[in-house]
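In terms of our numbering, the sequence shown opens at residue 1 and continues consecutively.
Among these hints, one or two may not hold up.
[Claimed, not checked] Below, computed lysine-lysine pairings styled on DSS-like, alpha-carbon distance capped at 30 Å:
#, residue 1, residue 2
1, K28, K39
2, K24, K39
3, K39, K19
4, K39, K10
5, K28, K10
6, K24, K10
Derived from the structure by calculation, the hints contain no laboratory data.
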Amino acid sequence: MLFHVEMTVKIPHDFPAEKADAIKAAEKAYAQDLQRQGKWVHLWRVAGRYSNVSIFDVESVDELHTLLSSLPLFPFMDINVTALARHPSAI
Numbered sequence: 001m002l003f004h005v006e007m008t009v010k011i012p013h014d015f016p017a018e019k020a021d022a023i024k025a026a027e028k029a030y031a032q033d034l035q036r037q038g039k040w041v042h043l044w045r046v047a048g049r050y051s052n053v054s055i056f057d058v059e060s061v062d063e064l065h066t067l068l069s070s071l072p073l074f075p076f077m078d079i080n081v082t083a084l085a086r087h088p089s090a091i
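Could you put together the complete structure from these sequences and hints?
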């Protein structure tokens, strides 16, 4: 199943920088692992914002939820998910 996922990160301004840096490093490692597994298929930064647009290829909605809720930055994210289906005009 393919999903279009938009993630916006909103770390509070008063959050300790050392903790934020550690969480970001853990996030990067986890994201790269999911990419190597073929589950996080595409990852694009949204210019000018602390956001990304991603495509996930997973077995189920439950798997996607587990992956997203396991992201170290998850508590600081606004996430929008859209299920995707093949377009009949796609080649």
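Each hint tested on the structure:
| no. | hint | in the structure |
| --- | --- | --- |
| 1 | K28 - K39 | holds (15 Å) |
| 2 | K24 - K39 | holds (20 Å) |
| 3 | K39 - K19 | holds (27 Å) |
| 4 | K39 - K10 | holds (24 Å) |
| 5 | K28 - K10 | holds (16 Å) |
| 6 | K24 - K10 | holds (12 Å) |
In this structure, none of the earlier numbered hints is contradicted; all agree with it.
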